[in-house]
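Chain B: place on chain A using the hints.
Next come the chains, spelled out residue by residue.
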Amino acid sequence: MKAGDLGELALRNLREAVLRNSLTTLGVAVGVASLVAMLSLGVGMQELATKRLSNSGLFDTVMVTQRRAFEGMRRATVNPVPEKAARELDEDARKELERLPNVVEVYPQIRFPTEVRYNGTPFSTIVAGVPASAQQTGAYDGIQGNFFSSQNADEAILQIQLAKDLSPQPATLIGKDLVVRYAEREALPPQNPASEAGGKTVAEDTGAGGFSIVPREKKLRIVGIVETEPAAGFGGFGSGRLLIPLDVASTLRAAQVNDLRDAVRAGNGKQNYASLTVRAKSPTQVEGIETAIKAMGFGTFSLLDASRNLQLFFTIFDLLLAIFGSLALAVATLGIINTLVMAILERRREIGILKALGAADRDVKQLFFVEAGVMGLLGGIFGVVFGWLIGRALTWGTNIYLNRQNLPSAHVFSVPWWLVLGAIVFAVAVSLAAGLYPASRAARLNPVEALRYE
Amino acid sequence: MTTGNGVAVRAERVSRQYEMGSTVIRAVDDVTLEVRSAEFVALLGSSGSGKSTLLNLMAGLDRPTGGAIFANGKNLSEMSSLELARYRSLTVGMVFQSFNLLPRMTLEENVELPLRLAEVDRSERGKRAQEALERVHLEKRLGHRPSEMSGGEQQRAALARALVNRPTLLFADEPTGNLDSATGESIMLLLKEVQQKLGMTIVMVTHERPLAERFADRIVALADGKLVSDGVKS
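First to last, the sequence lines map onto chains A and B. Under the working numbering, the first residue of the first sequence carries the number 1009, and numbering increases by one thereafter. Under the working numbering, the first residue of the second sequence carries the number 43, and numbering increases by one thereafter.
Be a bit skeptical, because a hint or two may be false.
[To be verified] Rough simulated footprint, nothing fancy, chain A against chain B, three-plus residues with beta-carbon under 8 Å:
1) 56 to 67
2) 115 to 129
3) 136 to 145
4) 148 to 162
Because the hints were derived from the structure by calculation, they are not lab data. Backbone N, C-alpha and C define an ideal beta-carbon position, used for all residues, glycine too.
Next up, chain A with everything else stripped away, as it sits in the complex (with noise of 0.2 Å):
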């Protein structure tokens, strides 16, 4: 029989039995429904903790060093790559990573600790340079207020926990100046042996120019609050709890960590960095700019691994949640196939017609198929429907949750376009599964007997 012809009398005979074949299709739906809800939970999930992660500037960046930096943090490789000797960390090298294929930006960790004047009273915090190409990586897209207006705006941002030692109602600080006080570096030519001048404390440097601390205030205006510091990264020593603009990070010439072990080292005189953060168009791309950077002399750090098992976990975890989701399309399956047996029973006699008049075993077989099939097709259809109000239903009340305990609103659940089209295609695959017995017994059914049937 041909194909339009096969589904035209499918769909007649669906028809006639009506409620039990919408019933039927009612459970394929709860099933595919159940599933398309369990992955789509944790689908949700992944996206959501991965953008978190992404977000940290953790999977899409390598930390890169002088080698001896890290010597005691290297991770053991299994065909360690041939390095050359250790190099400084300086301007030409930044150049030369920013040429690197898959690199999107390079740019140096500015973190310096600080005290913070608001209304007079003083609070110790760290001043991280955050770069402008942070606002489109989607990291502050929580944001409570504004990005900074540009890299050379005296402007700050705010973690929310520095907020809320400031003030009690932290988003009226928007708007508001607060004071830095920071330790300047300022150099000094090279001198011998080392002395004291004006009140500056000197370090001096025999190789090269050493340079005085000196104390000096900047005030900045509050223009945004965000919960954590976005792509924090993993360099410095700890998450920066007030964000300025790198480009004023870098006018303001802090004092940091690597500044007073690079005063009692020799040098070649120019400005040493203590690390790079090298930027990779995607976290797969990270691990070949590595390998590049260590072939250049430097030490590197990422979570590459980190990222991996993440992958693993949530792999595992869609995989489980898929097992418990398919429970219910099992039962379904069973519903399928008694709604086709008992068509068979009430179908013996037109079996046997449709056989008298000519129709082959093959073509009863593929009647029967089609209607397991076009079940299979609506309750998958109307099943995705029904998994997508599911999940909207969960997003909807997890939000109020959250928005109850303080925290911001998440999307823990994604239909994915792939999920749409694989549950439908599953539900239709499972449901010609479940008709595979009915319509072997349909095209089996001797002609004789059926029409003798009454």
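Structure of chain B alone, referenced to chain A:
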């Protein structure tokens, strides 16, 4: 279409046995029969004589347990299930005692059903169904369902369905069994008309000797599965 020498269908020492536990029932027992092309043969016998079983075997609805049946020069026993289905679809038309129309289909859809199974183009179907229904004078009842028709009309519709694929063999199993005598006679007249106008071979099962004697060219009598008489009526 014949199996040679003008023979449309030939049964050679055909048997059909059923096993019911340890009992063997010989529904058809060593029957040899030849039906010539364009002949109207009546299989006559009482209930359980094996006439319907023999008809089903010749129509390709069942397979013999012994002997062979030839139609179109081919042994039906050796045909695959698919070949047998094609034989039923293209060579054979069947009419049953209880009409066997599908109740949820209209008259037109019922008549078109064999055309769907034979994969005839949709554009051709309407014309062929109309033609078959005109032959049985039901061309104005296209949209009616079987439940809206009398027994005689339903049997005429069943005859139209049997003819729509233009078969060469028509098998009728007690076609007047569920009809009153007047309506039964009108169906028999239609069958005779079909035989004469289309040159079809008709094998009809009946237990009504007067009908058989009036309309059939030849009467074959069966009893207990055996052929007891075969003769052209006087």
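### Query
Mind checking, does the stretch 56 to 67 of chain B have 3 or more residues with a CB under 8 Å from chain A?
This one is violated; 0 residues, fewer than the three required, reach chain A with a Cβ under 8 Å.
### Query
Are there three or more residues in the stretch 148 to 162 of chain B whose C-beta lies closer than 8 Å to some C-beta of chain A?
With 6 residues in contact (Cβ-Cβ under 8 Å with chain A), the coverage given for the stretch 148 to 162 of chain B holds.
### Message
So is the stretch 115 to 129 of chain B in contact with chain A by the C-beta rule, three or more residues under 8 Å, or is the coverage claim wrong?
### Response
Our answer is that it holds, as 4 residues pass the Cβ test (under 8 Å) against chain A, meeting three.
### Task
Tell me if chain A covers the stretch 136 to 145 of chain B under the three-residue, 8 Å CB rule, please?
Satisfied; 4 residues make the cut.
Comparing the model with each earlier hint shows a violation of hint 1 alone; every other hint is respected.
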